[in-house]
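Asks: Sequence:
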Amino acid sequence: MSRFDEPLTKALDPKTAKLLHTVLGLETVGDLLRHYPRRYAERGELTSLDALEVDEHVTVVGEVTRLMRKPMRNRGGTWLEVEVVDGSGSKIYLSFFGKGSHVAESRLKPGRRGMFAGKVGLFGARGKPRWQLAHPEFELFEEGEASAEDFAAAPVPIYPAGKDLTPWAIRRAIGMMLDTLGPLDDPLPADLRARHALPGLDDALTAIHRPKDFGDVQRARKRLKFDEAFLLQAVLLQRRQAATAWPAKPRPRRDGGLLADFDARLPFSLTEGQAAVGEEIAADLALEHPMHRLLQGEVGAGKTVVALRAMLQVVDAGGQAVLLAPTEVLAQQHHRSISGMLGDLAQGGMFGGTAVTLLTGSMGAAARRAALLDAASGTAGIVVGTHALLQEHVQFADLGLVVVDEQHRFGVEQRDALREKAGDARPHVLVMTATPIPRTVAMTVFGDLEVSTLSQLPSGRAPITTHVVPAAEKPHYLERTWARVREEVALGRQAYIVCPRIGDLEGDEGDLAPSDSNSASADEERRPPLAVLEVAEMLSEGPFHDLRVAVLHGKLPPEEKDAIMRSFSRGEIDILVATTVIEVGVDVPNSSVMIIMDADRFGVSQLHQLRGRVGRGGLPGLCLLVSDFPENTPARARLDAVAATLDGFELSRVDLEQRREGDVLGAAQSGKRSSLKMLQLLRDEDVIATARDEAAALLAADPALTTHPGLRAEIDRLLADERAEYLEKT
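When we follow the numbering used here, the leftmost residue of the sequence shown carries the number 53, and every step to the right adds one.
Keep in mind that a hint or two might mislead.
Claimed, not checked - Label pairs and their computed distance ranges (CB to CB): (1) R538 / E105: 32 to 42 angstroms; (2) R538 / S140: 41 to 51 angstroms; (3) W298 / A328: 22 to 32 angstroms; (4) R247 / G308: 52 to 62 angstroms; (5) R247 / A338: 38 to 48 angstroms; (6) Q293 / A328: 22 to 32 angstroms; (7) P609 / S321: 32 to 42 angstroms; (8) S321 / Y92: 53 to 63 angstroms; (9) A328 / E702: 21 to 31 angstroms; (10) H445 / T74: 37 to 47 angstroms; (11) G176 / W298: 19 to 29 angstroms; (12) P609 / S507: 17 to 27 angstroms; (13) Q508 / L236: 46 to 56 angstroms.
Said to hold, decoys possible - Restricting the straight-line Cα-Cα distance to at most 30 angstroms, the calculated cross-link-like pairs of lysine-lysine (DSSO-like) are: (14) K67 / K215; (15) K729 / K215; (16) K67 / K122; (17) K143 / K215.
Read the hints as simulated data drawn from the structure, not as lab findings. Even for Gly, the Cβ is constructed at its ideal location relative to N, Cα and C.
All chains should be built: construct the whole structure from the sequences, respecting the hints.
Replies: Written out as C-alpha cells, the structure is:
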C-alpha cells in the first residue's frame, strides 16, 4: 500500500517519477494526489479554445476536420497541418514534420475526437494569426464513442502538464496511487465536516480524480478548497498569536521632536488617508511587541511620506530606521527624495536633525566605509539601501524600524536577515506595495499582518489618459505615437519609452525577463521582444534625430544610472528609453508621456506601475500601450483593461484572474510550488472567511492542536515547505 508521504521514486517507475519531479516538482504520493485536474472534458461536448495563452502548455479537446499536406519552404519535402475544431467553432492547427507527420496522418482522420497537448503559439499573416500546436502529443477517444451512450459518460480529467509529460500519463500515475493508497488520517475534525457537509478526504480525492459525474467534482472541490483555506488560516493565526509574544522596544511619538519639525515644514497638507494611516502606525510603534503592517496604496498615493513620518518617530525615540529598496535606482531616488523632504533636518549635528545615509553594493570603498560607520555608530538615524544592507558585516546601533519598499521584489531570507540585525528585541516592520491587493488576497496572504490602505491621491496629481496602439493592424498609429511625443517635448515636457529587453546579447533580457518565444511554425516565428538599445538607435536616427535621447537599464554601472536619472530630472534629457528599472519610485514631475513597447509582454499590475511615472507634476499624463496583438485575444484584452481604468484595485482583480494563484502568493519568491491548488481568492471569499472563523475557534480551544494530530501533521507538512517559510517570515 502507498502512503501519503511516500516518495514517488518508490511508488512509481523511475522514469515517470523523474518526469513528475522535473516537470511539476512533485516528490511524494501526496503531492501527486494534490495535483488536481485543471478542467474536465465531456466526451459529448467539446471544450472552447477561447482561453488559450501564448507559450502555455495546454491540452485542448476537439474534433479533426481536415488534413493538409504542405510543401516545406526553401527545402524539399512536405509537412502535415491538421485542423481541429472545438464545440464553439473555434479552430486550432496542429503541425507535424518529418516521420512524425506520417504517423499522425495515419491516426488523425476527419471525424476523430481526442485530446491534444503541447505548447501553444500564434502564427500566420499579421493581423490574422491562428492558434497552433507544433508536434503535439495526442490521445484519441475510442472510435464509435461519439455515437455510443458512453460518450456522455464520466467527465475526463485534464491535468496541468508540461514538456514530455502528457495529461494522460499523469492520469495513469494518479490512478495507480489511488488503487494502492492506504487509509488516510483526515485532518479536519468530524464535527467540522458535518457542520459544513464536507466529504471525507479519501472520498474527495477519489471523486476529484475519478468523478462519475460533475456532482462528484463539485463535492470534492468544496472539500479540497476548504482544506486549503483552513490550513493557511490556521498557520497565519498561529503566526499572529506568536508575534504578540515577541518583545520589541516601544517607540512612542515625542512632542517637539524631528517629526513635529518635519510636519511644520511640509509645504502641503496630508490627505485624510495619510493622516489616518499615520495614526495607526504611530500607535503600533508605541507597543511592546513589533508592528507588522502592510501599507498598500495607489501609485502616487503618498506612501513615502507616511513611511518617512514613521521613521522620524522612531528616530525621535532614540532608534534607527532602515528603508530597503529592490534596485539601486530606486534606493538612490529614495535617498534624494527623503533628503530633499527633510532639508536641513537631514544634516544632523548642529541642526538637530538626523543623518540620512545611502548604502549600496556599488559604492566606492571610502564611501562604503563611511556609510557602515554611520549605521553602526548611530550617527545615521535613517539608512537607505539595497540588498547590500543584508550583508553580515552591516551593523546598526539600535535598529527600531524596517521599511521594505515593493515587498514582493524581495525573498523571505532577505527580509528576515535585516530583521535579525535588531538583536533580541524585534524591530517594527512596515512593508509597502503600490500594487493594490484585493481583500481576499490580503486576508489570505497577509493574514498575520495588519493592512493599511491609501486610496486617496494627493492634490496636484493629474489624470492619465491611456490608449492601446495596434501597431501591426494600423502602422500609421505608431507614426502618430512618435508625433505625440514630439508635441509634448515641444511644450517643454519629457517622455519615457519602455522596452522589455536591453539588447541582443545573452543575458540582455532586461529587468523584466519575459518569455519571448512562441511555438515554431512553418509560416512565421514571432519576433523577439523589442530591445532598449535597438529602439533608442532607431528613434535617435529617425523621428527623434534632433532631440536628446538617453538609455537606462539595469546593466549599466550604478554611477552611470544615477547620473542619467539626475540629468533626466534636471530636464537635460528629452526622452528616456528604459527597461522596467523605472517601474517604481522614479519621480520626475516634468514627464508627461509613457510609451510602452510590446506592452502585451508586461503584466497588468506592471503596466499600471509604469503608467504611474507620468502625470506627477500637475501635467496631464498620456500612456500609449504599443502591441502587435489583434483584437479578441487574451493579451489584447489585458491591455484594453488597463486602458479602461485608472483604478489599481480593479486592475489587481484583472491581474489576479489572469495569473496563477502561486504567483500572487509568493511561490515564485520561495522557489516552491504554491500550496493553493483549488482555492480561487477572488471567488472564494466566503470559503476563506468561514475557514478563518473555524480555525480561530479551534485554535482558541486547542492552541497546540494536541487533540487534533491529523491537522497538526498537515500544518507541519505545510511549514516544512518553503511556502510556509514565506508565510512565517513575511
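Asks: Compare the structure with each hint and give your call.
Replies: Status of the hints after comparison with the structure:
For R538 paired with E105, a C-beta distance near 36 angstroms keeps the hint of 32 to 42 angstroms intact. Taken as a hint, the range 41 to 51 angstroms holds for the pair R538 and S140, whose Cβ atoms sit roughly 45 angstroms apart. For the hinted restraint 22 to 32 angstroms between W298 and A328, the CB-CB distance of approximately 26 angstroms keeps it satisfied. Taking the beta carbon of each, R247 and G308 are about 57 angstroms apart, inside 52 to 62 angstroms as hinted.
At about 41 angstroms, the beta-carbon gap between R247 and A338 stays in the expected band of 38 to 48 angstroms. A beta carbon spacing of about 27 angstroms between Q293 and A328 agrees with the range 22 to 32 angstroms that was offered as a hint. In this structure the supplied range 32 to 42 angstroms holds for P609 paired with S321, their Cβ-Cβ distance being about 41 angstroms. At roughly 57 angstroms, the beta-carbon separation of S321 and Y92 lies within the given 53 to 63 angstroms, and the hint holds.
In this structure the hint that A328 and E702 lie 21 to 31 angstroms apart at CB holds, the actual value being about 23 angstroms. Taking 37 to 47 angstroms as the suggested C-beta distance range, the pair H445 and T74 conforms, at roughly 39 angstroms. Roughly 60 angstroms separates the CB atoms of G176 and W298, a value that falls outside the hinted 19 to 29 angstroms. Here the CB-CB span from P609 to S507 is close to 39 angstroms, at odds with the stated 17 to 27 angstroms.
Between Q508 and L236 the beta carbons are some 51 angstroms apart, a value that agrees with the proposed interval 46 to 56 angstroms. For the given pair, K67 sits about 14 angstroms from K215 by alpha-carbon distance, which is consistent with the 30 angstroms threshold. Only pairs whose Cα atoms come within 30 angstroms are accepted, and K729 paired with K215 is accepted, the gap being roughly 20 angstroms. Among the hinted pairs, K67 with K122 is inconsistent with the structure: their alpha-carbon atoms are about 36 angstroms apart, more than 30 angstroms.
Restraint check for K143 and K215: the C-alpha separation of about 23 angstroms stays at or below 30 angstroms, so the hint holds.
Hints 11, 12, 16, counting from the list given before, are not met by this structure.
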